[in-house]
Amino acid sequence: MNAVTRIGNVTPKVRLRFPPFSVTGLAGTSFKHEHLQVIVGQGKHDGFFEVHAENYMGAGGPPHRALEKIRTDHPVSIHGVCMSIGGQEPLDAAHLERFRALVARYEPALVSEHLAWSTHESTYFNDLLPLPYTKATLVRVADHIDQVQDTIGRSILLENPSTYMAFSESTMSETDFLRVLVRRSGCGLLLDVNNVFVSATNQGYSAVDYLAEFPMSHVGEIHLAGHAEQTDDEGDPLLIDSHDRKVADLVWALFESVAARCGPVPTLVEWDSSIPEWPALRAEAEAAQAILDRHAPDISGSANADH
Amino acid sequence: MQTTDLIGKPADAAPSYPAVLAPGLTDPEYKTPAGVIGPNGKSAVKRYNVYRNNVTVSLIDALAAVFPATQRITGVEFFRAMARFYVRAIPPRSPLLFEYGREFPEFIERYEYARPMPYLADTARIERAWLDAYHAADELALAAQNLALIPPKSIADVVFVAHSATRIVRSQFPALSIFVANRGEGPVECIETFIPEDTLVTRPDQQVIVRRLPPGGAEFLTQLLMGQSFGDAAARALETSPDFDLERNVAGMIEAGVFASFRAGGPP
Numbered sequence: 001m002n003a004v005t006r007i008g009n010v011t012p013k014v015r016l017r018f019p020p021f022s023v024t025g026l027a028g029t030s031f032k033h034e035h036l037q038v039i040v041g042q043g044k045h046d047g048f049f050e051v052h053a054e055n056y057m058g059a060g061g062p063p064h065r066a067l068e069k070i071r072t073d074h075p076v077s078i079h080g081v082c083m084s085i086g087g088q089e090p091l092d093a094a095h096l097e098r099f100r101a102l103v104a105r106y107e108p109a110l111v112s113e114h115l116a117w118s119t120h121e122s123t124y125f126n127d128l129l130p131l132p133y134t135k136a137t138l139v140r141v142a143d144h145i146d147q148v149q150d151t152i153g154r155s156i157l158l159e160n161p162s163t164y165m166a167f168s169e170s171t172m173s174e175t176d177f178l179r180v181l182v183r184r185s186g187c188g189l190l191l192d193v194n195n196v197f198v199s200a201t202n203q204g205y206s207a208v209d210y211l212a213e214f215p216m217s218h219v220g221e222i223h224l225a226g227h228a229e230q231t232d233d234e235g236d237p238l239l240i241d242s243h244d245r246k247v248a249d250l251v252w253a254l255f256e257s258v259a260a261r262c263g264p265v266p267t268l269v270e271w272d273s274s275i276p277e278w279p280a281l282r283a284e285a286e287a288a289q290a291i292l293d294r295h296a297p298d299i300s301g302s303a304n305a306d307h
Numbered sequence: 001m002q003t004t005d006l007i008g009k010p011a012d013a014a015p016s017y018p019a020v021l022a023p024g025l026t027d028p029e030y031k032t033p034a035g036v037i038g039p040n041g042k043s044a045v046k047r048y049n050v051y052r053n054n055v056t057v058s059l060i061d062a063l064a065a066v067f068p069a070t071q072r073i074t075g076v077e078f079f080r081a082m083a084r085f086y087v088r089a090i091p092p093r094s095p096l097l098f099e100y101g102r103e104f105p106e107f108i109e110r111y112e113y114a115r116p117m118p119y120l121a122d123t124a125r126i127e128r129a130w131l132d133a134y135h136a137a138d139e140l141a142l143a144a145q146n147l148a149l150i151p152p153k154s155i156a157d158v159v160f161v162a163h164s165a166t167r168i169v170r171s172q173f174p175a176l177s178i179f180v181a182n183r184g185e186g187p188v189e190c191i192e193t194f195i196p197e198d199t200l201v202t203r204p205d206q207q208v209i210v211r212r213l214p215p216g217g218a219e220f221l222t223q224l225l226m227g228q229s230f231g232d233a234a235a236r237a238l239e240t241s242p243d244f245d246l247e248r249n250v251a252g253m254i255e256a257g258v259f260a261s262f263r264a265g266g267p268p
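Going down the list, the sequences are from chains A and B. Using our numbering, count along the first sequence one by one with no gaps and you end on 307. Using our numbering, count along the second sequence one by one with no gaps and you end on 268.
Quick caveat, the hints were computed from the structure, so don't treat them as lab data. There could be a bad hint or two in this list.
Derived DSS-like pairs: lysine-lysine, alpha-carbon spacing no greater than 30 Å straight-line [as the list claims (entries may be wrong)]:
hint, chain 1, residue 1, chain 2, residue 2
1, A, Lys246, A, Lys44
2, A, Lys246, B, Lys46
3, B, Lys42, A, Lys44
4, A, Lys135, A, Lys246
5, B, Lys31, B, Lys46
6, B, Lys31, B, Lys42
7, A, Lys246, A, Lys32
8, A, Lys44, A, Lys69
9, A, Lys69, A, Lys32
10, A, Lys135, B, Lys153
11, B, Lys46, A, Lys135
12, A, Lys44, A, Lys32
Chain A stretches covered by chain B per the calculated footprint, using a threshold of three residues with CB under 8 Å from any CB of chain B [what the hints assert, rightly or not]:
hint, stretch
13, 61-74
14, 107-116
15, 148-160
16, 248-262
Cβ atoms here follow ideal geometry from the backbone N, Cα and C, with glycine treated the same way.
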């Protein structure tokens, strides 16, 4: 598939072909430009990097040089943040085309997006906003996923959101919503364990129960991240999905239980603000790797399907 | 016809949740939308405010990332207050945040509290141009040896094609000196003389280059970038700046990578 062939007469810079690295059973980290020199200096390691798709949608320049460098030695996950798959309006055709081109250019091991919306009437809100879970939203989200998958020519992983509120009009649980979406669209799931913990705390349900209901056999990637704590109107904890600190102990414990059920699913530690030095970020991924390794070898063969 | 449309809607058509949630996200006057709830009958005021805060703060952060020197000049508190007004007035139309803030320099010019800093808008223009150059398409700049191929008698008619990274910012203020002094982390020395500065921003390879244009240089390059012939552009530059030095300007424009190519001019 990745055999070296002569492709057209475009300049070499835009027709790089990358090694088809596998991400199975690997832990990875968010890729931050400030870490590039250290990462390159240390050479290859067993890990993968995830980038936010939109940061590489400029026409050219240093961001592309950095991603080319990283992609040459490591598997990469392209994580879309702005597709507004959960929105009511048609997907932005120009944005979808940029997304397609990026996936074609970097041949990522994983491609994902969010169950959320971020654009309404051409205003971009730069946040992952929630949607009610109803039959009507399910149909529309499934259509949007179909459109993305048809355009890029491969299936995507859809991430469960962190939420702070709910809608009175919702008629389905999030796990039911995701289960039907997977069946209708053929997409996979990106299980963000921190989001599960954050949402469960904020919405007053049990994270363990949520995970018991989660369609684990469709999970193609796991996310871990740190969260901050505020309080709601009643003075109870309201957790914020802040990605600015270490993964919480209770999230590690949930991850351990997920790893035991899922086997060697690629797992990413996200860190997007108050970014630490590379060794500290990599140490979080190594902690995830140790858990993956502990559960990988035998259990994956004997685990039962989840539904 | 309208009646038919209403009747024709499926019974379970979702109310427009984005239309319900969106207005209050950048407008503090709105109350928590109806239909938004907390668990077990809990209030959703602070819950909805988390989204409001995420939207506004992340967009202010995005502006601070595009305009770091502007923020350093005004101080963080001033900048964030000004940026908050901008975010509410002109939220992004594109999900690509490195495109955000195109109207920010004009907004600064109109912003009452920024009036004591009349150079601020031009400094912001250089920062916006810098980021455009950073993300511009990868393209080879025109090399001096290619220029040497033009026969001397046809040089006046030659028309140059801009490199995609090239930007020019003209200022009545020493905007470039102010940009340079405030872009880094180092100490800022007082800028004593208020001389107008024209700035050229290019990226012939991977590094953005910011340099001051000599007298007549901005006029010369602006004419060339608009598609005027080499001869006409040079004449225009001399007209506006009698001390315009053609040789020096041509050497500078090649070295900085202002252009990607050229074509023989003359009437089409």
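Outcome of the hint check:
1. A:Lys246 with A:Lys44: The hint holds at about 24 Å.
2. A:Lys246 with B:Lys46: Distance of about 25 Å is within 30 Å: holds.
3. B:Lys42 with A:Lys44: Judged against 30 Å, a Cα distance of about 50 Å means the pair is violated.
4. A:Lys135 with A:Lys246: violated (37 Å)
5. B:Lys31 with B:Lys46: Holds. Lys31 (chain B) to Lys46 (chain B) sits at ~11 Å (cutoff 30 Å).
6. B:Lys31 with B:Lys42: holds (16 Å)
7. A:Lys246 with A:Lys32: Cα-Cα ~16 Å, so holds.
8. A:Lys44 with A:Lys69: holds (11 Å)
9. A:Lys69 with A:Lys32: holds (13 Å)
10. A:Lys135 with B:Lys153: Measuring from Cα to Cα gives roughly 74 Å; hence the hint is violated.
11. B:Lys46 with A:Lys135: Measuring from Cα to Cα gives roughly 28 Å; hence the hint holds.
12. A:Lys44 with A:Lys32: At roughly 16 Å apart (the allowed maximum being 30 Å), Lys32 (chain A) and Lys44 (chain A) satisfy the hint.
13. 61-74: Per the Cβ count (5), the hint holds.
14. 107-116: violated (count 0)
15. 148-160: violated (count 0)
16. 248-262: Violated: only 0 residues of the stretch 248-262 of chain A have a Cβ under 8 Å from chain B.
Hint compliance for this structure: hints 3, 4, 10, 14, 15 and 16 are broken, all remaining hints hold.
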